[in-house]
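Sequences are here, hints too, so could you generate the full structure?
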Amino acid sequence: MDNLKNQTLIQLNRVSKTFTVASGQFKALNDVSLAIPKGKLIAITGKSGSGKSTLLNIISGIDKPTEGTVSINGIHVEKLSESELASWRGKNIGVVFQFFQLLPTLTILENVMLPMDFCDSYPKKERKERALALLERVNIKEQADKFPSTLSGGQQQRAAIARALANDPPVIIADEPTGNLDSHTATAIFELFSSLAQSGKTVIIVTHEKDFASYFEDMIAISDGRIVNELVNA
Amino acid sequence: MKTRYWKVIRDLTSDYSKNLMLVLAIALGVFGIGSILGGYAVVNREMTSNYMSTTPASLTIEVEDGITTGLLDSVRKFPGIKVAERRATVGGRMKVDDRWYPILLFVMDDFNQLTLNKFHHLSGAADPAEGTMLIERTSPSVMDAYEGDKIIIRTPNGEPQSISIIGTVHDPGLPPAWQEQAGYAYISMATLKELGETQDFDLLRIQVSENENSREHLTKQAEVLSDWLTKNGHTVHEIQIPPIGMHPHQSQMNAVLSIFTVFSFMILILGSILVATSMATLMVKQVRQIGVMKTIGGTSFQVAKLYLFMMLVLCVVALAISIPLSRLVAAIFYSQIATLLNLEITDNSIPLWVPLIQISSGIVIPFIAAAVPVIRGSRISVRKALDNYGVENKNRTGSWFSRLISKFDFLSDTYRLSLRNAFRQRARLILTLGLLAAGGAMFMTALNVSEAWDKNLKRIYVQRLYDQDVKLNDRINSDSLVNRISTMDGVKVAEGWDYSATSEVKESDYEITRTYPDKGHGSFVMQALPLPTQLLNPTITEGRWLNTPGSNEVVLNQMARNERTKLGDMIALTIEGKPSLWKIIGFTEDVGSSATAYVSLETFSKINNTQGKVKMLRVAYHDRSRDFASVKSKELDGLLEQQKISVSSITPVWLLHNAVAAHMKVLVNSLLAMAILMALVGTLGLMSTVSMNVLERTREIGVMRAIGATPVKIRNLIVWEGLTVGVISIVIAFVISLLLSWYMGEFIGHISFRTPLTLTISALAIAIWIVIVLVGSYVATIFPARRSNVVTTREALAYE
Numbered sequence: 001m002d003n004l005k006n007q008t009l010i011q012l013n014r015v016s017k018t019f020t021v022a023s024g025q026f027k028a029l030n031d032v033s034l035a036i037p038k039g040k041l042i043a044i045t046g047k048s049g050s051g052k053s054t055l056l057n058i059i060s061g062i063d064k065p066t067e068g069t070v071s072i073n074g075i076h077v078e079k080l081s082e083s084e085l086a087s088w089r090g091k092n093i094g095v096v097f098q099f100f101q102l103l104p105t106l107t108i109l110e111n112v113m114l115p116m117d118f119c120d121s122y123p124k125k126e127r128k129e130r131a132l133a134l135l136e137r138v139n140i141k142e143q144a145d146k147f148p149s150t151l152s153g154g155q156q157q158r159a160a161i162a163r164a165l166a167n168d169p170p171v172i173i174a175d176e177p178t179g180n181l182d183s184h185t186a187t188a189i190f191e192l193f194s195s196l197a198q199s200g201k202t203v204i205i206v207t208h209e210k211d212f213a214s215y216f217e218d219m220i221a222i223s224d225g226r227i228v229n230e231l232v233n234a
Numbered sequence: 001m002k003t004r005y006w007k008v009i010r011d012l013t014s015d016y017s018k019n020l021m022l023v024l025a026i027a028l029g030v031f032g033i034g035s036i037l038g039g040y041a042v043v044n045r046e047m048t049s050n051y052m053s054t055t056p057a058s059l060t061i062e063v064e065d066g067i068t069t070g071l072l073d074s075v076r077k078f079p080g081i082k083v084a085e086r087r088a089t090v091g092g093r094m095k096v097d098d099r100w101y102p103i104l105l106f107v108m109d110d111f112n113q114l115t116l117n118k119f120h121h122l123s124g125a126a127d128p129a130e131g132t133m134l135i136e137r138t139s140p141s142v143m144d145a146y147e148g149d150k151i152i153i154r155t156p157n158g159e160p161q162s163i164s165i166i167g168t169v170h171d172p173g174l175p176p177a178w179q180e181q182a183g184y185a186y187i188s189m190a191t192l193k194e195l196g197e198t199q200d201f202d203l204l205r206i207q208v209s210e211n212e213n214s215r216e217h218l219t220k221q222a223e224v225l226s227d228w229l230t231k232n233g234h235t236v237h238e239i240q241i242p243p244i245g246m247h248p249h250q251s252q253m254n255a256v257l258s259i260f261t262v263f264s265f266m267i268l269i270l271g272s273i274l275v276a277t278s279m280a281t282l283m284v285k286q287v288r289q290i291g292v293m294k295t296i297g298g299t300s301f302q303v304a305k306l307y308l309f310m311m312l313v314l315c316v317v318a319l320a321i322s323i324p325l326s327r328l329v330a331a332i333f334y335s336q337i338a339t340l341l342n343l344e345i346t347d348n349s350i351p352l353w354v355p356l357i358q359i360s361s362g363i364v365i366p367f368i369a370a371a372v373p374v375i376r377g378s379r380i381s382v383r384k385a386l387d388n389y390g391v392e393n394k395n396r397t398g399s400w401f402s403r404l405i406s407k408f409d410f411l412s413d414t415y416r417l418s419l420r421n422a423f424r425q426r427a428r429l430i431l432t433l434g435l436l437a438a439g440g441a442m443f444m445t446a447l448n449v450s451e452a453w454d455k456n457l458k459r460i461y462v463q464r465l466y467d468q469d470v471k472l473n474d475r476i477n478s479d480s481l482v483n484r485i486s487t488m489d490g491v492k493v494a495e496g497w498d499y500s501a502t503s504e505v506k507e508s509d510y511e512i513t514r515t516y517p518d519k520g521h522g523s524f525v526m527q528a529l530p531l532p533t534q535l536l537n538p539t540i541t542e543g544r545w546l547n548t549p550g551s552n553e554v555v556l557n558q559m560a561r562n563e564r565t566k567l568g569d570m571i572a573l574t575i576e577g578k579p580s581l582w583k584i585i586g587f588t589e590d591v592g593s594s595a596t597a598y599v600s601l602e603t604f605s606k607i608n609n610t611q612g613k614v615k616m617l618r619v620a621y622h623d624r625s626r627d628f629a630s631v632k633s634k635e636l637d638g639l640l641e642q643q644k645i646s647v648s649s650i651t652p653v654w655l656l657h658n659a660v661a662a663h664m665k666v667l668v669n670s671l672l673a674m675a676i677l678m679a680l681v682g683t684l685g686l687m688s689t690v691s692m693n694v695l696e697r698t699r700e701i702g703v704m705r706a707i708g709a710t711p712v713k714i715r716n717l718i719v720w721e722g723l724t725v726g727v728i729s730i731v732i733a734f735v736i737s738l739l740l741s742w743y744m745g746e747f748i749g750h751i752s753f754r755t756p757l758t759l760t761i762s763a764l765a766i767a768i769w770i771v772i773v774l775v776g777s778y779v780a781t782i783f784p785a786r787r788s789n790v791v792t793t794r795e796a797l798a799y800e
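Chains A and B, in that order, give the protein sequences. Just so we're aligned, residue 1 is where the first sequence starts under the numbering used here, counting upward by one. Just so we're aligned, residue 1 is where the second sequence starts under the numbering used here, counting upward by one.
If you're looking for bench data, these hints aren't it; they were derived computationally from the structure.
To spell it out: a stretch of chain B is covered by chain A in this simulated footprint if at least three of its residues, at any positions, have a beta carbon under 8 Å from a beta carbon of chain A; those stretches are:
id, stretch
1, 1–11
2, 296–302
The calculated lysine to any residue pairs, modelled on SDA-like cross-linking and capped at a C-alpha distance of 25 Å, are:
id, chain 1, residue 1, chain 2, residue 2
3, A, 91, B, 301
4, B, 285, A, 147
5, A, 64, B, 384
6, A, 64, B, 383
7, A, 128, B, 14
8, B, 2, A, 133
9, B, 305, A, 88
10, B, 2, A, 145
Glycine included, every Cβ here is placed at the ideal spot set by N, Cα and C.
This is the structure:
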């Protein structure tokens, strides 16, 4: 496992991202270089507007860098088209949002099955079984046939994590996943992320929650679009 | 089913009202197309089959001196003749409610051996004995008499006699009696004799044995036969070759139905614009979900397919509702047209191509319309989709429009904000305005055309300064009679005129007309009037009116004019079958007349050798009301009776007005029905746009409420926005309606009168449309306004 952990999974090389806003150009990321190994639980921290969400978006392929390269598992993400990116992301990146973002008209089970459907990643007959197994793993199997609106915030976030795991991606990224949850539920969610990292997934979380610092193996501090610390355990 | 499609199904079932509106938008167009095309298909087929079921004669030769059985046998053996029959048609009068109305008496040789221009026996006796008659099924509407009743008939040379109606027939070759304001009856020659007529059969109805669809061949065959008849001592009066295989109203009906088809496709296109705006709303609402789906692996193509599948489901539901409904309405439509054309629908099946067109247009057009918002929505980048907070926060404060509005200090802050909001999404605003304006324009056009039609009909009274038209069977010395009539109480002016059926003499030695067997459709008449006349106020379109008694000048009305004729041309026209040469000095535009050539009575009488005699009387009363004309009609009839003058018909002008009005009643009513559909689609469009605008601004509304805006303020803001759009659309609709009304007036005027209808602006139409739009805008906005107030400020602020 340690050997595995030392392999670099995510490599950002001199990445910058500039946005055009009403007042002119805004550099959200400025010459960021970064290497994240496999199987780690890493936090990205920083003040509001520091560029942490942009960094996460660049890693997940949601956004493309203005300059620099992003290599994940050997794939140069910035070179992929929108369509290729969607497929690639579905198979390689599991995304967990602050507001869960479950599709309201699908049941929890169907929400988890949806990424498999889009990516055609598992045989049709196995998808339901796999989705149920994932829901069991996040302890909400009994909620499988319910609609998101009937679940608590914590349960919805567990469902969102199950959905992120649907295609068994090597990377899970989460943007303030506990920002909308009480501390008790947040602890349970962090434990879940921790267990995922232990099972070999690389988990990157944007968070403000200093109380959960103990869960992270490493932390990337970002300010004004620049990384202001070094990864200690990289 | 794939998981993703469950989302589509549930999305569809979770927002009933919105989706119902989309379904309705598509369904209205498909419904319109199906109703019109379905009706059209059946009418077109039945019109031809009904008319052909009568086995219409290819041609009719009018022989002056009677057709004996021997002559008929010889004609039957004549080369190129397949079938020949002899008939006679006599114009008589019938007494209804103590008043005389025209009746056409069709005299048959043998009721059991009908082979040409057949009618279908419906009830009662099939072979009327002497002193009895059969009537056409539409006749009771003007006769006020039915099978088993008796009716008083008077023929040109006979005394009034009571004839029993013993059977009813359907004659698809004739327009309905109520439309022509005349009765139709079928009698034997013995009955005609009993009625006091001495004439024999004078019409040879003929079907040729070959090339029956070639007008050239028919003309040639008629001429050859006429030559033979002449050589054998008979006088050929006229050859009638009506348009081949065409019902008398076929071309008008095709034109009318084609314009309706265009209207219904326009409804579908407008409905599709509505679908496009509604789909754009849906995509706005779903933008976050699209972002999520793309985040978890959905490609733009997969996402687009989902929403197109949604469209497909909506289209299928719309088709499932609209196709059966359109078939019901098509049935009403073709039944109405069938009544108008006196058709019997024998096969009411709507051909397969109608639902096929509905299906293809009901799917393809909305798909094309929805494709733009769907593709744009599906291609949105994940970050943009996830960052979406509703309406784009583009900086528009600097735009000239916003600056202009800022200067309108006299407007309240709320209204100024509503104005800015209305113009915020300009592409959408243009679509909504287009939809509402098109709906309004067509609505106003329908009413404008309807009013123009009425106005044009009223020109009948403006052009005809007489109130009663009296046609006589024989020419009489006019002076004393006209003087006598002139002194009758209430009579303003009386004049003696003359007339003759006419035709343009071409290479043929015979008078060849396009007249149908009812002697009305396709006829061409020469009217000879004393100059100057006080009883005609012609609308001159070119040249001048007649002013020189005794000259060989002729004025043709628009029905008699063809593309080649021009001022100064010489034209050879027949008078009582004899050719005469005339110089064209003017053209008129008559309302409600068949093809007419106006000439000087003096010249006419001279050519016809009937100086001092007239065959027509025209009388004007001081009181132009219908009731007065009716009273006077009886008095006039009594006077003529006293003078032993045989009257062919006494036609009040109001009867002519009613007959012309009846011809286009269905067209005008159908136009109004179309207009209502358009109004509905337009209002739905406004509702869709405003609710989309409100939906996009849910968060913004939350902010406004958080900083103190009351629910009433918010509601007013939204309602004013809808009303602003509505008012702008009214102005645009009015301008478009002027152009459309002009075009439709030209079109309908030409197919009915060969002259455009006067452009008319209906104040009622404008008023109704203003009310529809304002009420519609209010209703369309009050729901989203209420909805925005039902959402709590916290929910609105958290809205994604």
